[in-house]
Amino acid sequence: MFVATSTGYMHIYNIDKVEYPLEHSFASCGVVLKMEYCEKEKFLVTLETKLQDYKTGVTSKNVSCQVRVYLNIHLSVNHRVYTSVAYGYSAALDAFDYKFTIVDLYLPQSVCDMSLCKIKHNIAAASGSKIQIFTFVEKNFIKHDEKTNTVIDFYPLLEVECHFRIQYVSFYINWLAFSCNNELRVVQVFLNSDDASIYLGEDVSELLDIYNDPDDKSTNLTTHYSFEDEVVIWNFDQGSGMDLNKKAFKNEQIGFGFVEVEAPYIDTGFSSKELLGWFEKIPGHPLTVKSQNTEQATCITRLYRRFELSEISFNGMVENIHSLQWLPVFSNENFDNQTTEMGGYQINNCFRIPTDLSLLTLGFFFSTGKHGFLYDLTKTPKSVVVYTYTSDCYFAKHSISLLDIVTKNGLEVYSSRLYAIAVENYQNFKKSRNESAENEIKKINLTDCDSVFDGETLTSFYCYDSKYLQSPCTWSDVDLCLVGFYSLSNINLLQTSSTKRVFLVKIQSKSKIKFVANVISWNISVMTKASMPSIYSNIMGLIQGSELTNPTVYYQLLSEAHMFVRSHLCYGIESDEKELLILLMKDSALKMADFLICCGTMFAYYLQVSEFYSLAGLSFEQSIKRLIMEPKQKYGPGMIVYLNEMVLGDKKVSGKKFLLNDKMLCLDKEVIVFILDIYCEYKPFLLSKVIFDSRINNIEPGLALAYLSKMKFKSDSRFRPYDYLCYAILNMELGDPTQAENCLKEISEDSLATVCINHYDLLTSNFTSPICQLLKKRFKFVFTKILVSLFADAKIDVPTILNIFQKSNNGQTVYSYNVCRVLEGILDDVKHKDQFTDIAIYLIEQYLARVSKRNYSEKLETNHHHVPKGNGHFAVRFKWLDSMLPFSGDTPCPQDCIFKPSTFKSSSQQDQMSSNVINRKPFLHSISSYSQSNNLEDSKNLLYCHCCCCCAILLKLQSLLCSKYCTKQLVLKVLKLLDEYSFVGKDTLMLLCWSRTNFIRECVVYLMTNYIDLAIQCANDLFVWKSQWQTLLQYVFELLKNNDMELNKPAIIKVLHGVLHRLTRAYSPIEFFNFLPCDGNMQFFLPHILECWFYTQANSVKKEITTKCDYLIESSSLLESSSLES
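Going letter by letter, the sequence shown gives residues 1 to 1126 in my numbering.
What the hints contain is simulated information worked out from the structure, not anything from laboratory work. Keep in mind that the hints are not guaranteed to be accurate.
To be verified - Label-pair distances were calculated between CB atoms; the ranges are:
hint, residue 1, residue 2, range
1, 619, 296, 53 to 61 Å
2, 109, 480, 39 to 47 Å
3, 283, 1119, 34 to 42 Å
4, 480, 379, 19 to 27 Å
Stated by the list, open to error - No farther apart than 20 Å at their CA atoms in a straight line, the calculated lysine to any residue pairs in the SDA-like style are these:
hint, residue 1, residue 2
5, 529, 491
6, 290, 159
7, 529, 504
8, 506, 481
9, 869, 849
10, 833, 969
11, 591, 475
12, 777, 741
13, 99, 130
14, 34, 24
15, 42, 149
16, 34, 130
17, 408, 467
18, 408, 475
Virtual Cβ for every residue (Gly too), placed ideally from N, Cα, C.
Required output: the full structure, derived from the provided sequences and hints.
Structure representation (structure tokens):
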């Protein structure tokens, strides 16, 4: 403890020892009014006045003062005192090495306040409305004996000037805070980082020259003109009109003595004002910065406050803003948030924070008589808390956990929120870095930055281990507490350390002699702060047993106790003390977690129970076993939140993601029973999810079924589809498929399909689980819908679907009705059109495998919509297909099926059995053998029933090939497959495929040979290219020319008329005429030629009319818009 006296002496006491022994004394140059000690570099900075000018009660406002630095204090006894002026003793540097030295920081005006940056050791001195910043420099010189001497010096770096007279200043890194009676301003200084010679100090003489360079500003306003090459100068004193000789005006000065410089606008208002953010300029509040050795210096205002006089004091005892204090809080985990450039502004090396720590919170505190204000100026400045006092505050000292203030009533101690805002900032930094790792700021290597751990014991900042910052703490907006009060009077000064409070107390005693003034003496009182274990024990004793009777007070004080313990776990404390604090932290975290699982939602931290248990050092199973051992109690939302996070990995509640590869939980049975009891009582709708979709992997099926049954048969039970599915799965695992089937039948098929789709993981990846077998056999429609939906979501593919229903058969395709249902469902939805071709090939392979091996033992369907009617690949069949074999010309119907049992046959069907149903034109050679059997059973196998049920697969094949989604790749594959099969109706499929490939000739020949009456209808649906119609026309001419098919000549002529009619719409008259044969009958072709000409002319007229109509519509709209504008 440094004590300065009014007689010009400095005494140093050791207040950690008994009776506070005097360690050292030395004489100061004057009377010290303020001092700050640099613990790391061991020098003392003082604000002094001359001994003859000092009177009791004077301050730096009414006496001349200057700043001095005392070096090598321990060498002051019996040694010569060396004095020098800062930045000016280069000639005698070797004389001051390791000697008691006093350095004067010269300023032309009296200094009103000064401040020392404890991290970079720079000094700020306020004089009038200006602040001069001196930078700390260590110079190494080699003496004649080749020994290296280290000398400390201070160089003037820059000067900041504001619009009011400064009373107090506080300095930290590159942050300046200064105030007057009712105004306060906080600025951040930036320098050009490339110009650091003032910091390095290579050439002292040049720096002196720069600093001592006189100011050349003139009192008169003088305007200097410079001329460009192309400017024209007019001379009105001569008659020439203009003078092109501009050389006469070069470097000429024109004085205007009568012009006065306009004074800048100054805001002289008295109303309250607060500005918080990033301001380069504030109108009415000018701020200038001048650098001694760099051209780029900038000041950015981060905070400005102005108070009305009535806001300063209760009764006028306090007249100004006071107790300016910087409160930086660091973490050992480097976020690099303060080491890089901020926008376009740069931080000079002499202003940089050490690179091995991160600034979590830059707290700034100041006080008036009525209130204390704590701000967080990290990145985005914000107000943290406003302290409201009971009476006028004379002095205030803020620490990481407490605020000590001196009033007329004594010493008041309030809780602080500085550590709470540091925790919040750390968690926000961590969250933002995790969310955008690519935006992480790279670390900058600066060789001239010290390590923070070299000054672990410094009282100027707090550095915390990041593992204690990850857990939640009391929120910064929680109500404050008055945690201490000491009835002390006449306190004139207060200083604090981590363990002590020091008071300067004025003692005034009455004189025994009449007419003699009272005697005033001064006492220094040292108060040892209560230890953290003592404070914690007192708080716990105060709130014990009030969890239920007064939960709000219990939570408030428990939060304060937990924060007090956490805030003292910083670097620099003894290992024994640290171990005790960790035990207290775990105890308070455990009490907090136990309280939060029983409280309501009005307490903010009920969402973070797991983090408090983790901070207490308990695993999930250990925490539950503790609760089992305690008497049964009523739990609140915090318990469900805790279980949801730990058991279900509920990221909506905890903000954490539960990954499938997270460590699963294998818990004791008693723990599992406790968890199921909690869910069954408080959240029964989550019980099924806990059983099947949680991290617990050893829940017995019997136990799970018992809890689900208990919930199912409750009078107020609300069993959901998901619960029914889980209930059925458990029954299947226990070997009761009947109960499982009955359970699933209690919900609709749509609901069952939906819940299976949403929870398809319960069906297992290969669909071989017992519940899958039940669905596949008893709920075919539902199972099909599930597979179609899973395919749509890309969770399964076609080979997987085939493997579900089929077994390997040496690479051959085996028909499966269920596979067809699934593939049909996929093809019936246009959403899968990108995969239509591949899926259609799979399905057609299935169809062909079935249609080639007729089996009539299958149960006939009652629903006769055999072709799916969605918006997918299945299309409406061409009408003329009903007139081709095996159909009779009408739409296929289910009546009169020749393969139905006799009891269900109609009379028309009995008649049909006695006749040949295939009484038609001959098939191709591949099917001609069907008419050669006389045996009744053989004829039943050979005859082809044309009802829709028996021809369902043929109908679907035709529908697929009639679709607009049918591609050339598909039809080529179908043609290749058809070569391997022979069945009734194959010709129609080949016809549909030929029309989409290069086999147009085969298509035309087949139509004209077998279905000449349907040729035009087929061509209208199948032929989309002119060349296809030309092929048909050419083949018709060949038939007529060769006199083939003489008996069908009228039908051929009819086809010819149809083809010519179609070509009249496709070609111009000249092109159409060129298609006609040279030896053709003119009377036959003339009507078609005229028809082609009329159609062409009609199209031309139509096009012209349309063009003119469009023009008229456009013109009318333009006229209408112009009239509206006028």
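Hint by hint, here is what the structure shows:
| no. | hint | result |
| --- | --- | --- |
| 1 | 619 to 296: 53 to 61 Å | holds, 57 Å |
| 2 | 109 to 480: 39 to 47 Å | holds, 41 Å |
| 3 | 283 to 1119: 34 to 42 Å | violated, 54 Å |
| 4 | 480 to 379: 19 to 27 Å | holds, 25 Å |
| 5 | 529 to 491 | holds, 17 Å |
| 6 | 290 to 159 | holds, 5 Å |
| 7 | 529 to 504 | holds, 17 Å |
| 8 | 506 to 481 | violated, 29 Å |
| 9 | 869 to 849 | violated, 23 Å |
| 10 | 833 to 969 | holds, 14 Å |
| 11 | 591 to 475 | holds, 17 Å |
| 12 | 777 to 741 | holds, 11 Å |
| 13 | 99 to 130 | violated, 33 Å |
| 14 | 34 to 24 | holds, 19 Å |
| 15 | 42 to 149 | holds, 17 Å |
| 16 | 34 to 130 | holds, 19 Å |
| 17 | 408 to 467 | violated, 42 Å |
| 18 | 408 to 475 | violated, 31 Å |
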